[in-house]
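Visitor: Residues in the sequence shown are numbered consecutively from 0, following our numbering.
Keep in mind the hints are simulated off the structure, nothing from the lab. Every value quoted in this text rests on a predicted model; they were computed, and no experiment measured them. Backbone N, C-alpha and C define an ideal beta-carbon position, used for all residues, glycine too. One or more of the hints may lead you astray.
[Claimed, not checked] Between beta-carbon pairs, the in silico distance windows are:
#1 Pro179 with Glu99: 41 to 51 angstroms
#2 Gly26 with Pro73: 13 to 23 angstroms
#3 Gly166 with Pro53: 42 to 52 angstroms
#4 Gly166 with Glu99: 24 to 34 angstroms
#5 Pro179 with Arg96: 21 to 31 angstroms
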Amino acid sequence: MTSQLSAICFHATHPPDLARFWSGVLGWEPAGGPDGDVTLAPPDPAGFRIRFLPGRQPKTGQNRAHFDLTSTSPEDQRRTVARALELGGSHIDVGQRPEEGHVVLADPDGNEFCVIEAGNTFLADTGVIGALACDGTQEVGYFWSKALGWPLVWDQDQETAIQSPSGGTKITWGGPPVAPQTGANRLCFELTLPAGAGWEAETARLVSLGARRTDAGTGTGIEGDGGRVLMLDPDGNEFSLRRSL
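Could you build the full structure based on these sequences and the hints that come with them?
Guide: So, in structure tokens, the structure goes:
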């Protein structure tokens, strides 16, 4: 039994404000989080939630991960961009070329995201969040495929992508060169133990696949009443493993 991806967590300067922005952009409804935090619930119960947690560090560089939002038509793409700008987003330049069809924006906390043009076959039938696009190695793509039990749907030229067997958002890694990490990541994965899974057995499984435990914040690696373990994937990206609630 493998861990389940339960949430993508944003560490935000003002979590409620950032949650309102993404709720408006995605059309997802707020829901109560496991620790009283602000959470958005996807319309498909099989999808992951988005949690907004208090940020520990200011943003110092480009994020290692960002959302790629899909469009059904050119008009739909323009509406998404306009809605994001009205809610407090902004246009940014990350080196995109004028002839490229996607639009690069930042949310009010400076987190980058893209609104992809209609007709992108790779993101067909994935939902409004077509992909979580990550800066990362082929090794980390293989790690997450095994950790989550999600098959590889792309593995070419050291670029990898995985997707849940149930479909939905893809997670992609662009391969080398991988930008150096500048402080803690703003976006990170939260995994939950499946019912009946042993805590130590699952952490040991993740370590055997290439993860590392960290004692950040507690001195023990475990936080919260129900407990959660803070870990690093093979590229040094933080993620957490917690018990199901």
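Visitor: Take the hints in turn and mark each one as holding or not.
Guide: Here is how each hint holds up against the structure:
1. Pro179 with Glu99: 41 to 51 angstroms: Given range 41 to 51 angstroms: violated, Cβ gap about 25 angstroms.
2. Gly26 with Pro73: 13 to 23 angstroms: holds (19 angstroms)
3. Gly166 with Pro53: 42 to 52 angstroms: violated (32 angstroms)
4. Gly166 with Glu99: 24 to 34 angstroms: Taking Cβ atoms as reference, glycine 166 and glutamate 99 lie about 26 angstroms apart, which means the hint holds.
5. Pro179 with Arg96: 21 to 31 angstroms: holds (24 angstroms)
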